[in-house]
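Novice: One-letter residues, chain by chain:
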Amino acid sequence: MREFMTGNQAVVRAAIRAGCNYFAGYPITPASSILTEFVKAFADGRGTIVQTEDEIAAIGQCIGAAMAGAKALTASSGPGLSLYSENIGLAQMAETPLVIVDCQRMGPSTGGATATGEGDVMFARFVSGGGYPLPVLAACDAATAYRLTIDAFNIAERFRTPVILLSSKDVALTRQTVDLGAIELPEVADRSPHDDGDGWRGPYAVDQPADIPRFAPIGGDTLVRVTGSIHDERGVLTNDRAKIQAKLTHLFEKIESRAEELERFDADIDPIAETLIICYGGADGAVREAVATMRERGEAISRLTLYTLWPIAARAIRDAVTWRVRRVIMPELNIGLYADALRPILAPLAIESIRRYDGGLISPETICEQAGNEAIA
Amino acid sequence: MMATLPQGDHPLLLADKQSMCYCPGCSHAGILERLGHVLEGMNVDPHHVCIVSDIGCVGTADRYFDCHTFHGLHGRSITYAEGIKRVRPETLVIVLIGDGGCGIGTAHLVHAARRNADIKVLVFNNFNFGMTGGQASPTTFPGGTTGTTPGGAVDRPMDICQTVIANGASHAARVNATDKQCASFMEAALRAPGFALVDIWELCTAYFLPRNKLKPTMLDDFAKSLNMPMGLLRDAGRPVMMGGTASSVPSTNARRATAPMAASHGAGVASEEPKTFPWSGRKEIWIAGSAGQRIRSAAGLLGEMATVGNQHAAQSDDFPITVRKGHSVSQLIVSDKPIRYLGCDHPDLLIVLSEDGVNRLGDLSKLPATCRVAADASLALNGLSTDVIQFDYRAMQKEVGAETAAWAMLVRMIVQIGWIDAEALRAAANASLRGAYRDKNLAALNTAIEMTGNQS
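Here the protein sequences line up with chains B and V, keeping their order.
In this text, residue positions in the first sequence follow our numbering: the first is 1, and each later residue adds one.
In this text, residue positions in the second sequence follow our numbering: the first is 378, and each later residue adds one.
For reference, chain B alone in the conformation it holds in the complex:
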């Protein structure tokens, strides 16, 4: 099953494999081909595809569809993620399983539509008001986009949360040889149904803060109340402080206290290496190339690729930092944003950032050169 496909095509193929049956979206480079691929994929009626009037309607329809039982996806680029923002907060509060793909582009605003960049790594985490967490994954190429789309759906279903999958222009639009049969895939997961056992107490009832409420769809045989306002376990507005505390604690506990379940990463650790390169997204390929080159030269070097950016894969990072590690290098296609997020975890080790944000990729040579330089004391 070898195919010459783009990251966007990989997202659509994987989404359908994960059971996605609702896509609403608005055209934007470099995400448009996700929309057009869904038009083709759903032409046989196996799912619903809507080109909406804007990104707000796209995510709004997806939230409505998801709460009615569909597996929904919407996709855009940075400007569209800005428009999704308010509704992502609703999806968090209403505990809506939903996957959002952000094909990042260069710079703020319209930036460079056909140039690459990964400047949304912090925005994705803090995308909506309130400050509550949501899982964010980052694809490195078409193959990881395929794998992580299925992961994203599974996480959305299992945790009843919106999940953002970050891609970027090079991942989204570069056609690549992908051996679909060689990609290790997780089992497809579904939200746990409301009638799975006794004691249904409402669409938001949980026993422990990190538990996930069981799901009953709008339009099904159990009446449900869905709301983005603060509510009790039945979905009824509440001003009971204890219930408010319980709900909001649940919203971060279900993500943060189960962060290890959400960790997706690839570690290639040389136990004697003093230099560790941590990367994600579009820098991964160059890092792998650079690591291979340095090892051919007899140098010891370690690599950690993070597929989960939020919550931070702290365990994976700590495991990668062996007692030998003296230097951490981190290439990013932005102004060094994610390195700032990792500094508290890696302290007292410093992070040497390699930053590129002119729309080009960081090359393997640049990484080798940085690794070959003496660390700045």
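Keep in mind the hints are simulated off the structure, nothing from the lab.
Hints should not be assumed to be uniformly reliable.
[Claimed, not checked] Covered, in the sense of this in silico footprint (three residues per stretch, anywhere, with C-beta under 8 Å from a C-beta of chain B), are these stretches of chain V:
1. 436-448
2. 560-573
3. 676-684
4. 690-699
5. 712-720
[As the list claims (entries may be wrong)] Partner residues are not named here, just some residues of chain B that face chain V (Cβ under 10 Å, in silico):
6. Ala66
7. Ala94
8. Ala347
9. Ala350
[As the list claims (entries may be wrong)] Beta-carbon label-pair distances, calculated as ranges:
10. V:Cys400 <-> B:Glu261: 45 to 51 Å
11. V:Asp612 <-> B:Glu184: 24 to 30 Å
12. V:Val617 <-> B:Leu237: 30 to 36 Å
13. V:Asn759 <-> B:Arg46: 34 to 40 Å
14. B:Asp54 <-> V:Gly739: 48 to 54 Å
15. B:Asp54 <-> V:Gly669: 31 to 37 Å
16. V:Asp713 <-> B:Ser192: 44 to 50 Å
17. B:Met122 <-> V:Gly669: 37 to 43 Å
18. V:Ala813 <-> B:Glu261: 31 to 37 Å
19. V:Gly524 <-> B:Ala205: 51 to 57 Å
20. V:Ile766 <-> B:Arg318: 52 to 58 Å
21. B:Ser192 <-> V:Gly614: 50 to 56 Å
22. B:Pro193 <-> V:Asp713: 48 to 54 Å
Don't be surprised by glycine CBs; every beta carbon is placed ideally from N, CA and C.
Starting from the known structure of chain B, fit chain V onto it as the hints suggest.
Specialist: Relative to the frame of chain B, chain V by itself:
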């Protein structure tokens, strides 16, 4: 159609109007009570009703109904309703929205009407923002005093009915909340196929009434003076064609079972078939030319052949947003090993087909010395230190046709410089080229191979 229950089996309305939260004299409670009675009178199964409430005072209304409910963001209720309806076509989806919601969500109102989304929209239009303290809304009529129009509003009020009618709503009506016909207007909208809206005019007794000294009956006079008549304004029965929608969406479980590849999850096995596309090492190829020369297709063909032949390829393209004019550049990596880095920084072969390509490439003085350069004989390449293999692109176009000339040139070059054996390439193409252009592409490939034979 809607499923029905014997009357009285399941009261939809959970409260009478006196026990609702609305201010004395506000019509919200009365409208909601009548809506409840209409629904009960229609014998609709509450499991097949979803009330989607917008924001503002009307946003608290869903709690009074014992059916499915959804409460979201300001102006976006229409989007949630459309999503729900498309997944649950058997459900009656009713939006309760205010005049403010129709303002902030105008785009959704217009486009849901245009799509004839099968949702029923009841507008609680009281000419100001009640919940936030009586500010002007898009429907505040001229002279209306509000917290933000102390000297009286001057803007033309939004005609919600005509807005949706002009954009294809199937059904629209305007009614005074105090009109005895209000309930029957609501029922007619709920029964109408497609996008239906009732614009219900009422007075906000907390803010708008004290500031404007009105009586409910005066609303009819305002309607006349604004040329916004009351009554049924459209009842077209426009057929529901919710574009792209399956008539019903099967459960996700059922879908997964029928989805292709479902049986092979977690395979995790790399193909180890022999490499039938003969290629060694990693080569980066740039093809630069003009829109319409099918450069991306040419690069894609080689990439597909390499992929099918168990090699590896990566292709990125560069073209302006006006795709029919200007440059077109494809960068293709073909390698016998997996391609980790997608960047294409060290070309081994550059093929230039036109002036647009030359202009896009710019200064070529930094091109690696090892890079082979092939260009149409008419082109002057800037800053180049290596020899250029010259070709006649026009002649190639005449030979194989304009559609496949770039492809033929690519084939000719990789054979001519010895990267691939001509016969092996021919065999690989025969085995792997697909699609509507297979024959044309094969013919061009054969012609290009013959041309290299003639030259050598």
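Novice: Taking the numbered hints from earlier one at a time, note which ones the structure violates and give those numbers from smallest to largest.
Specialist: 2, 8, 9, 11, 13, 14, 18, 19 and 21
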